[in-house]
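Residue numbers (our numbering), protein chains in the order written: chain A, 501 to 754; chain B, 14 to 202.
Simulated from the structure, these hints should not be mistaken for laboratory data.
Keep in mind that this is a model prediction, so the values were computed, not measured.
Among the hints, a few may not be true.
As the list claims (entries may be wrong) - Derived CB-CB ranges, DEER-like:
no. : chain 1 : residue 1 : chain 2 : residue 2 : range
1   : A       : Arg705    : B       : Asp18     : 52 to 58 Å
2   : B       : Asp18     : A       : Pro654    : 48 to 54 Å
3   : A       : Ile752    : B       : Pro74     : 54 to 60 Å
4   : B       : Arg96     : A       : Arg663    : 24 to 30 Å
5   : B       : Asp107    : A       : Ala664    : 28 to 34 Å
6   : A       : Ala664    : B       : Ala184    : 36 to 42 Å
Ideal Cβ positions, reconstructed from N, Cα and C, are used throughout, including at glycine.
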Amino acid sequence: MISDLFLIPFLTGLGLAVLLPLLGCYLRLRDEWLAALAYSHVAAAGALLALVGGLPPALGGIAAAGLAGTGKRLFAARLAGGAAYALLLLGGWAVSVLMAANQPMAERLGHALFDGQLYFSGSDQLWLVALGVPAALLVLRGLSAHLLLAHTYPDFFRIRGLRAWPTQIGFDLLAALALAVATMSLGVMGAFALVFIPPWLAFRRAGNWRSGLLWSLAIGITAYLGAFALALWLDQPFGPILAILLVALGLIVA
Amino acid sequence: MLRADAVVAGWDKPATSPVDFSLQAGEIVGLTGPNGVGKSTLLAAFAGRARVFSGHLDLRPGLRLALQTQEVPPVDGLPLSGRELLALTDASPDGLPPWLAERLDIRLDRLSGGQRHYLALWAVLHAPADLVLLDEPTNNLDAAGVRHLTAHLHERAREGCGIVVVSHDAAFVAAACDRCVVLEARDDQ
């Protein structure tokens, strides 16, 4: 009974623990790790707005993050140097806090989104992850060579007639949607921890890109399994336990 | 494959004097001249990056270009090996000098500046291309590297590839290029 109760949250989180560290490698490649925090905050704000408006919170979160991911590209020239992510992060945080402060319904969900209450995940979130993660991994695999080439040889990429916008918008949208889904289950900081710390550690040790991806994946899954068991055993919110585990791992390795 | 008639190139404003230039398949042509005459800008114009303000630039339709700029690929902190870098541009590692071939599986940010530069250059030089544009390829190379590069430019040209080389290294240009075009400063410079 208990195992059935926790199976859905466990599998939901496991799917995200596979996707986020790999996504984080490409965000780190592009020096866009702040995007993870930005999209998570925007997704939280979108979820709270949807809840107050009588719509499914997950739909609101995904729509808001998707809009931010694609819309960001329109202002890329004016908001260079990570400014777009800083503005999205601050805007998302401000809306979330104001919604939680003024709407009792939003306050409860707001706490869940920022605390990272994985154990409340339902079958709808598991379905989203079960369908979304394999699709996201396939898209990421398809974009990988172009993302690497555009980073190392931007001029070569352009003069070979390769269009930059499908890669850029495709990746932005993928990151935004993945972070939105992850925020609904792992919480804002839990999702950020899985995007930031495994690639950060993996990039220090790995000898090549492929092993960097594998190291990142292994660190992310190991930390997730440890955090899931520890949070359950200590009866604590999942997000902070995952973050503490990854921070401790980061400090030990660093 | 490439013909320029009285081309004046630049970014925001004209930066070169009018240049006549032509390149056939299998030919290596050097572009030299004092600093600031617009050698790199002209190369960028050939690649379609810089603007042609006047004159006529004609490239054979369907030409596959490869461009090496003076900017080093930003690989610090990235676990990217030399072999993976070459794979990105579809460049073959065959023909690399032994002192580099044996380091192909080491990540790029753990190689010396010269080794990293030569691998980055090789990735462009040996990418599938009809026209290769190289901007100061001998920067950071020691004498052995320059000799190896010279030999491989000739080999690449024998395969039918046209090559334009911007360089301030007169000895390298003399050894590597079939002929040389000297750019002159604009009247207003």
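How the hints compare with the structure:
Separation of A:Arg705 from B:Asp18 is about 55 Å and conforms to the stated range, judged on CB atoms against 52 to 58 Å. One distance hint, 48 to 54 Å for the beta-carbon pair B:Asp18 and A:Pro654, is violated here, with the actual separation near 30 Å. Our hint of 54 to 60 Å for A:Ile752 and B:Pro74 holds, since their Cβ atoms are close to 58 Å apart. Roughly 27 Å separates the CB atoms of B:Arg96 and A:Arg663, a value that falls within the hinted 24 to 30 Å.
The beta-carbon spacing between B:Asp107 and A:Ala664, approximately 31 Å, falls within the hinted interval of 28 to 34 Å. The given range of 36 to 42 Å is respected by A:Ala664 and B:Ala184, whose C-beta atoms sit roughly 39 Å from each other.
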